[in-house]
Amino acid sequence: MARWPWLTGFALLLAALPWAVPNAYLLDVINRIGINAIAVIGLNLVMGYAGQVSLGHAGFFGIGAYASAVLTSRYGWPPLAALAGGMAGAGALAFAVARPILRLKGHYLAMATLGLGIILSIVITNEAGFTGGPDGMPVDALSVAGFSPSGERQWYFVIAVCLWCAAWLAGNLVDSPMGRALRALHGSEPAARSVGVDTARYKARVFVIAAVLASLSGSLFAHYVGFVTPQVASFMHSIELVTMAVVGGLASIGGSVAGAALLTVLPQALAEFEGWEMVAFGALLILVMVLMPRGLVPTLARRFGGARARA
Amino acid sequence: MLALEGVGMRFGGVQALAGVDWRVDAGRVHAVIGPNGAGKTTLFNVITGVYRPTQGCVLLDGQDVSGLPPDRLAARGLARTFQNLQVVGAMSAEENVMLGAHLCLSQGTLASLLHLPGLRRADRECRAEALEWLRFTGIAEYAGRLAEAMPYGALKRLEIARAMAARPRVLFLDEPAAGLNQSEKLAMRELILAIADKGITVVLVEHDMKLVMGVSEHILVLDYGRKLAEGAAAEVRANPEVIAAYLGEAEAH
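As given, the protein sequences belong to chains A and B, one line each in that order.
Under my numbering, think of the first position of the first sequence as 132, with each following residue one higher.
Under my numbering, think of the first position of the second sequence as 748, with each following residue one higher.
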């Protein structure tokens, strides 16, 4: 189908990247981009395609991160089981809150998801007996059937495979009957309902998928960095994820990756502004949104060949 | 197949509909007419589940369906178009029509994520069928175009194509000719008759009397939310009360 060229291109890019990168520091930045991008792809399904705002997405990221940290170190779960447990937990929570929350629209939905994120962040901070509280806690190494990735390069391949799979699954979803129903929720809810789309059910489903991806991303982060703090579930992190989706381009999977890349790289690249880096960062974001209101990837895709606008 | 019994709809202090009884028989073209604000669109919205009637009930095949949400009514064979266009601008014409076939397709989350072969095959068939409906409504040339880039007249037809893809038993058209030019109106008339020829019951709200009289076998006239008259086109046209409501008292006498 239409998305196979760019999925193949993306796979080739991911495969070639580690050989083009000169040092471990850059590879570390790339790994962080990849981890963020997985969560942003999920968030973009909710926000960009289905048109539902979520300002508490870092809460699900936090569930994954702490599931991997707590279940492995305190309960002796194998890392892969903890990772799956986190995904299941995040999905179950998303499912439970989806119906009441996603009935709300616009600002009210934003407030409700914000509240959800804050609750999760506070629970993580307060349950110090399990989570180490505000100081955070160390995380055991990831190991799968005896293989334990170590060093930026090995981790790179783990993350790259997960990222590619997330992009592939999301691309499939968007281009399926369910994806059309989701996009219709965004474009015209009356139209969607008039042809039989049970809107509440579809909102809940996409919310669960996004939560599961965020949890996966959180688990990878926890194992990769080796240490988690409640910061991972904070409001600031939620905003960061939303900004990545918006700047990269809503309703664009490529945009999710581009947005994650830009917002992960920029703060580091601007470090030489010493003290003024956040100001420069903010100014750049404003500039991008003014010049490219649709976000990076959709705007560029539109400029260089309309046919690829859907990538 | 569809019957309204004493249907009333009140919004705060406004009685938009009051005590409307009406029967829609299978396989005919029905029209609802009346001056602006007579309650025509409200009647549509009550029947298609957008509103729950505050009095009376809507019966479909003898079963009370009043207050069922639109998606459940769609599953029972009702489809509609909207007076103010409701299309998904960011999807192509083809995808908008494929959306219409939503209920005919499997919607498993896992199948959607993995694009399992069964889903792919069903989706291909759905795409072919969507093209058929685009052809049927005369807008096949726009198949790959984003709906937001389509002209108004074509969007009116796109809504009909989407509704047809849902394989309805009853199709509700809310002002299908509004905003169309003369030749487009003639083409719309042909399209409505072609839909009726397929055995689908059509109910339309329309201001253009020429179109209404040209296609409908049965007409319901509303005025201030009440039923003013109903019957065959010729009867209704000759009804002095109807003439009065439309043209003013002076002309009627």
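Check before you lean on any hint, since a few could be wrong.
[Unchecked claim] Far from chain B, some chain A residues (derived; all Cβ distances over 12 Å):
(1) 316
(2) 333
(3) 337
[To be verified] Just a few of them, taken from the derived set where beta-carbon distance is under 10 Å, the chain B residues facing chain A:
(4) 833
(5) 835
(6) 933
[What the hints assert, rightly or not] Computed Cβ-Cβ distance ranges for the label pairs, DEER-style:
(7) 417/A with 882/B: 42 to 50 Å
(8) 882/B with 404/A: 55 to 63 Å
(9) 864/B with 139/A: 15 to 23 Å
(10) 410/A with 882/B: 52 to 60 Å
These are calculated hints, taken from the structure and not from any lab test.
Glycine residues also receive a C-beta, built at the ideal position from the N, C-alpha and C atoms.
Outcome of the hint check:
1. Not every CB of chain B is more than 12 Å from the CB of residue 316/A (nearest about 9 Å), against its label as outside the interface.
2. The non-interface label for residue 333/A is inconsistent with chain B: the shortest C-beta to C-beta separation is roughly 8 Å, within 12 Å.
3. The beta carbon of residue 337/A sits about 9 Å from the closest Cβ of chain B, which is not more than 12 Å, so the claim that it is off the interface is violated.
4. Proximity of residue 833/B to chain A holds as hinted, the smallest CB-CB distance being about 4 Å (cut-off 10 Å).
5. A cut of 10 Å between beta carbons decides the hint on residue 835/B: the least distance to chain A is about 3 Å, and the hint holds.
6. Because the beta carbon of residue 933/B sits about 27 Å from the nearest beta carbon in chain A, more than 10 Å, this interface hint is broken.
7. For residue 417/A paired with residue 882/B, a C-beta distance near 47 Å keeps the hint of 42 to 50 Å intact.
8. Roughly 60 Å separates the CB atoms of residue 882/B and residue 404/A, a value that falls within the hinted 55 to 63 Å.
9. Judged by the Cβ atoms, the range 15 to 23 Å given for residue 864/B and residue 139/A holds: they are separated by roughly 20 Å.
10. Separation of residue 410/A from residue 882/B is about 57 Å and conforms to the stated range, judged on CB atoms against 52 to 60 Å.
Violated hints, in rising order: 1, 2, 3, 6; the structure is consistent with all others.
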